[in-house]
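Once you have looked at the hints, place chain X on chain C.
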Amino acid sequence: MTSLQDLAHEPISAVAELLRRKEVSPVELTDMTLERVEKLDPRINSFYTVFKNAARTSAREAEDAIRRGNYRGPLHGIPIGIKDIYEVGPTTCGSKTLKDYVAPADCEAVKRLKRAGAIVIGKTATYEFAYGFPTLKSYFKPARNPWNLDYDPGGSSSGSGAAVAAGLAYAAMGSCTGGSIRWPAQCCGIVGLKPTYGRVSRAGIYPLAWSLDHAGPLTRTVTDAALVLQACAGHDPMDAASANVPVPDFSEKLDRGIKGMRIGLMRSVYQDNCDPKVLRPFEASLKEFEKLGAELVDVPSITLTQMQAIEWPALFAECAAIHVDNVRHRGADYNPHAKLFVAYGLLVSSGCYLLTARARAQVRDDLLDVMGKGIDALMLPTVGFPTGRVLEDSPGLSIVAEEFSIYTAIFNFTGFPAIQVPCGFDSDGMPVGLQIAGKPFEEATVCQVAAAYEKATPWHNQHPRL
Amino acid sequence: MDKRELIRAKLAEWDLTVSESELEQLLPTYDNLLRWQRVLESMARSRKIGDGMSIPESEPVTIHAIEKKGAQR
Chain C
1 MTSLQDLAHE
11 PISAVAELLR
21 RKEVSPVELT
31 DMTLERVEKL
41 DPRINSFYTV
51 FKNAARTSAR
61 EAEDAIRRGN
71 YRGPLHGIPI
81 GIKDIYEVGP
91 TTCGSKTLKD
101 YVAPADCEAV
111 KRLKRAGAIV
121 IGKTATYEFA
131 YGFPTLKSYF
141 KPARNPWNLD
151 YDPGGSSSGS
161 GAAVAAGLAY
171 AAMGSCTGGS
181 IRWPAQCCGI
191 VGLKPTYGRV
201 SRAGIYPLAW
211 SLDHAGPLTR
221 TVTDAALVLQ
231 ACAGHDPMDA
241 ASANVPVPDF
251 SEKLDRGIKG
261 MRIGLMRSVY
271 QDNCDPKVLR
281 PFEASLKEFE
291 KLGAELVDVP
301 SITLTQMQAI
311 EWPALFAECA
321 AIHVDNVRHR
331 GADYNPHAKL
341 FVAYGLLVSS
351 GCYLLTARAR
361 AQVRDDLLDV
371 MGKGIDALML
381 PTVGFPTGRV
391 LEDSPGLSIV
401 AEEFSIYTAI
411 FNFTGFPAIQ
421 VPCGFDSDGM
431 PVGLQIAGKP
441 FEEATVCQVA
451 AAYEKATPWH
461 NQHPRL
Chain X
1 MDKRELIRAK
11 LAEWDLTVSE
21 SELEQLLPTY
31 DNLLRWQRVL
41 ESMARSRKIG
51 DGMSIPESEP
61 VTIHAIEKKG
71 AQR
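Chains as they are written, first to last, in my numbering: chain C, 1 to 466; chain X, 1 to 73.
For the record, the hints were derived by calculation from the structure and aren't laboratory data.
Predicted model, so just to flag it, every value in this text is computed and none were measured.
It cannot be assumed that every hint is accurate.
Said to hold, decoys possible - Straight line, CA to CA, 30 Å or less: simulated DSSO-like cross-link-like pairs of lysine-lysine: (1) C:K141 / C:K39; (2) C:K253 / C:K291; (3) C:K259 / C:K111; (4) X:K48 / C:K96; (5) C:K137 / C:K114; (6) C:K373 / X:K48.
As the list claims (entries may be wrong) - To give a feel for the contact side, a few chain X residues facing chain C, derived at Cβ under 10 Å: (7) L16; (8) Y30; (9) A44.
Note that beta-carbon positions come from the ideal geometry of N, C-alpha and C, so glycine has one too.
Just chain C, same shape as in the assembly (with noise of 0.2 Å):
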């Protein structure tokens, strides 16, 4: 047999044959775990609270169960990180304002989770409420990357990214508003999954901005991100945005290939600003697409301008909605641009808010009416930029510069599910992505494309060395 180190970097669906057949049991999978993230993870710091006892006593329930005959499926007995901007536990979305905040009970995502017998062993580490880049002057402390300590893991699902690279967890949960999900997958050569807009539930999980907001897994493979997403997906009446649609197998059409799909390659984003050390392996990857059958069209899409000029106006005006009396009373306390975050969404008009929706209906529209002409799935780079250091003092309100170039909003804005692959490393061998889309409610299709392409590559074989 395998020995138990062994598996720290196998994906959920390999790990969850050996858990079936009982050759590998919970509780000897979460010791595994837990002496890992002992070991290596003050480093790293993934992770911001890890439940040492409540997971060694869910492990020993997941065995008694298996041994039983009752066995849940792919998640039970798996080890899992939570962002810490859901709710179970210890929740303190990254900030001193909620240092010693404990939720009353768990989100309904993570309830979803643990339904499926997944073993939650604790928070990661994010971005202040989800979009406050954490500094080494914050109270929270960044993530590291696992691949080199010194760079910034992307965020703002930051210790969910670091602890899955790192193999520290199999998989982690993220949120995502602009990218929050993909950027970090990018970052840690990970795979992010952000589902169609209302396809899992938002209850209970802290508000970033509630017409972008999407929860969703991040995870070593494209079957371990189907899996995930197959545990805690479906319809939540305490979730105004849930979606009360049937829920597909995401796992489906993961074998099919993609032999005849075409592919719509959405340049206008990315072909005058998106920086060669992340376009190189990008556009070597179109090749792997064409090998494998597919047929790349380039299709019409805005531009980054676009993009940025309907994303953050929209974002930042509903999180200083959310945020706005918070900062009144605690901006002391948040990170410093977090709270001028705050500021400037209250300077953008109402006017300005509305046309951001207008635009967003427009962008949505155009892309279905692409789709609608034989266009299976969507394609283009993760973000323009290589992954930075981390960051040891404010950032300022650097990211709605026109600078920071991440192309992964327009599916926050307009809805579509969208996955990130890793495709290849950059000169300073940090991992380089690529995004799919896919039309609303179509994650199996997105998943497939994806699929497809990780078979034929290696990228998802290469860990980081800690």
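Chain X alone, transformed into the frame defined by chain C:
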């Protein structure tokens, strides 16, 4: 009105005060916000219906309606 005063006044409406250094950081981003406002105006689809007059051809998505229209198509 001077932009500094304008920003201070807008934030005062929300009972929020900022320091001089915070104001310095807000100034360039406020200019950028105004640029984006113009970008948004240029994106908004309208039909001309007279001299200097137009009627909107798109309407704002309400916060929780995005996926529903997508699902209908």
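Contradicted hints - numbers only: 3, 4, 5
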